[in-house]
Amino acid sequence: MAEDPAASSQRYRLPSLSDRGALVKLAAIGASVVAIALCFAYVGGWLSPGRLGEARFVDRFEEVNGVHPGFRRNHAKGVCIAGSFDSNGQGVRLSKAVVFTPGRVPVTGRFSLAGGHPDVADGPTAVLAMALRFQPPAGQEWRMAMIDIPVFLVKDGEGLYEQLLASQPDPKTGQPDAAKMAAFTAAHPEFLPAMQIVKSTPLPSGFSNATFNGLNAFRFVNASGAATAVRWSMVASEPFTPETPEQGKSPDKNYLFDDLIARVRRSPLQWHLLVTIGPPGDPTSDPTLPWPRDRERVDVGTLTIDKVETEAPGNCRDINFDPLVLPAGIEPSDDPILSARSATYSQSFTRREGETKTPSAVQVPVGKGS
Amino acid sequence: MTMTPHRPFPLFSRILHWAMAVPVLAMLFIGIGMVSSVSAYHQLVVIHKPLGILVLILVAIRLVNRLINPPPPLPDAMPAWQRFAALGSHVLLYALMFAVPIVGWAMLSAARYPVVLYGPLQLPPIMPQNPELFAVLRETHTILALLLFVTFLAHFGAALMHALIFRDEVFPSMTFWRLHERAGMTSSDRDSAAHATATPALAKSE
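Keeping their order, the protein sequence lines are chains X and H.
Position 331 of the first sequence, counting from 1, maps to 331 under my numbering, and the rest follow consecutively.
Each number in my numbering corresponds to the 1-based position in the second sequence with 370 added.
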């Protein structure tokens, strides 16, 4: 009764050319495998070279600024800071985030200048930035990265990607190419009105009296599940003093940072976290549009910065201040810039972490305590 | 214990197989999609992390289940090279289903990204903070994921070969229905099925 084993193993031969039916099936199998591979290639962007992925985005930063191994592709020049946040409990009605319950939370962070050059000289037009990492002991970390201008200049990732190239100074003139800039502003009509707002806002004389704005809208969700659209700012306790033209003539390339270091050593610096409440109808998806000035602002607590240190292994140098590292109770809004920031920060982080590091331009003198 | 001829995989094994097929394939597409679009990045990454941990939990259950409920033997008539390919691809699939999520978790740990699953639920770091380690693990995560995708394609192609060309009992052993009556089944097939139980567990196709 037993079948010939040789005949049974025939089954596992590939079909011969004379077996049309089997060849059709074989082709169908091959086509199915290729179809799945093509779907994968499509999702991965290999079939759409125009799609803006994080690698292309960061390539653009490198194209404009050059590659400075080991440094952030944007906000390359900076210094590490540490301190604490004292929550006054006023935030609890807006968000269930642990950081808003009354009490103290340790904070680390980084002050930096916008731009991709780690050795750029501090100057009067520099955009100042504050990045923070709130670390409640029970987890629920909150990271943010803010700058000292009142609105963002573009409303989506594509806008920022194109702005980088359009506003790149021509090596001959030192100015952006007028034709390129005109094409850019025509394609991104939100840019010029936002620029107008930025230009009409006085710049601070230093980090210590600057107000840092989160710019993007977020959603605060409280314990009963109610959501509120918010934007936030870190408002300096130190009185605002406008920048003076003399400052830019300082022989010290790092005068903004050196002033900051001196001030923190003299006494801790403080900022108030002011949360602006956007009623329904206020734009949340476009960070170039300011909210009306009369919006309710809630002071939810005080940030105290009492330490400043040179970028070094394991401190702020090796942290990605991704604005979408959020605790439960804080959620992203529909602002597309948020996802674009998160993606490009991640790509920049991945590149620099694998590179050989060189010392930062900003060096905090050792031995004097901080 | 009596062997039924050409027994399928135990029901729980089949459920696990298909319950993992969907998230594993979804993870590969989500992973490659999130790094290729800055606008879709965040929505995808918040799915990617918890789904990766789900895959890790499921593959651990699956490995234990495989040891408790061994798969049916491969058809005796299958040539040695195909048996070897089946063994190799299954070892690779299992290894990668463990390695890709573990490397993902480890790389997030080395970079000190919180591993948030949902809301306040998050996992502890499993690596010390280390930039160089992060860079290596990040690269490894991508390479292993691409290898998993290629291995999946081979697995998928081989399954269709068994279903449509070889028309043996391998494909129906993982389905919940009978694809076709195996008219060519013979007593020798039954005998070989009963004798092949000593084959190492991973040698069996699923």
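Treat the hints as calculated values from the structure; they're not laboratory data.
Among the clues, some could well be false.
Example chain H residues on the side facing chain X (calculated, C-beta under 8 Å, incomplete) [what the hints assert, rightly or not]:
(1) 409
(2) 449
(3) 452
(4) 495
(5) 496
(6) 497
(7) 501
(8) 505
(9) 523
(10) 526
(11) 530
(12) 534
(13) 536
Cβ coordinates follow ideal geometry from the N, Cα and C atoms, glycine included.
Worksheet entry | Unsatisfied constraints (hint numbers, rising) | 4, 5 and 6
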